[in-house]
Amino acid sequence: AQTVTQSQPEMSVQEAETVTLSCTYDTSESDYYLFWYKQPPSRQMILVIRQEAYKQQNATENRFSVNFQKAAKSFSLKISDSQLGDAAMYFCAYRSSEGGSEKLVFGKGTKLTVNP
Amino acid sequence: GAGVSQSPRYKVAKRGQDVALRCDPISGHVSLFWYQQALGQGPEFLTYFQNEAQLDKSGLPSDRFFAERPEGSVSTLKIQRTQQEDSAVYLCASSLRRQGLNSVIGQPQHFGDGTRLSIL
Chain L
15 AQTVTQSQPE MSVQEAETVT LSCTYDTSES DYYLFWYKQP PSRQMILVIR QEAYKQQNAT
75 ENRFSVNFQK AAKSFSLKIS DSQLGDAAMY FCAYRSSEGG SEKLVFGKGT KLTVNP
Chain S
8 GAGVSQSPRY KVAKRGQDVA LRCDPISGHV SLFWYQQALG QGPEFLTYFQ NEAQLDKSGL
68 PSDRFFAERP EGSVSTLKIQ RTQQEDSAVY LCASSLRRQG LNSVIGQPQH FGDGTRLSIL
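Top line first, the protein sequences correspond to chains L and S.
Going by our numbering, the first residue of the first sequence is number 15, and it counts up by one from there.
Going by our numbering, the first residue of the second sequence is number 8, and it counts up by one from there.
Don't read these hints as lab results, they were simulated from the structure.
C-beta: ideal position from N, C-alpha, C; glycine also.
There's no promise every hint is true.
Said to hold, decoys possible - Partner residues aside, some chain L positions facing chain S, computed with beta carbon under 8 angstroms: (1) Ser-115; (2) Lys-117; (3) Gly-123.
Construct all of the structure, not just a fragment, from the sequences and the given hints.
Next comes the structure, spelled out in structure tokens:
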């Protein structure tokens, strides 16, 4: 079974600075999808960025980018020019492309604090 | 509304009572998922529907948990004879489903606000 590990329970960053959140995963599959989700205190999970494993190019969405290292099974999230609104729990998630289920396997999350 | 809607937002029940949690997915979304999120943890998969068919229920923790989606739209998660360890936030998510050449393309899942269930 696939597992996702987020080794940083908490991180903090100064406003306007850059922070990187770590994620590693374990799988024997060659094709899959990886996601970063943000969950503010209001609880609704919001998609931040998505990466397809067969694509070598790292995904980018405005201030958010990933460093996808397939061989190392690493999928870190970089937030540039951090804003107060970025403060939230961040979850890394894995989705298999094999089999019938499209379920997500989540890590335990990293709580990001943004200091003014 | 345009998003996934869950009700109630909060539910308090006494141990042993039955509860029903409702999820109204985004219109047109074929796939529907239920997750359980314990305090301070990441969501854990419970079950998955494609239209009205429940294709994966491997995450349901016991036979006290039951989910249905009879018309392929609204879904209900029912927990019978609730126990204190059932206390958690229950998240519903929905997504489109796009079939690629050899596999299903990973569409993002859209989540509701969740139902916070407290068992006394």
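I'd like to know which numbered hints this structure contradicts. Please list them from smallest to largest. none
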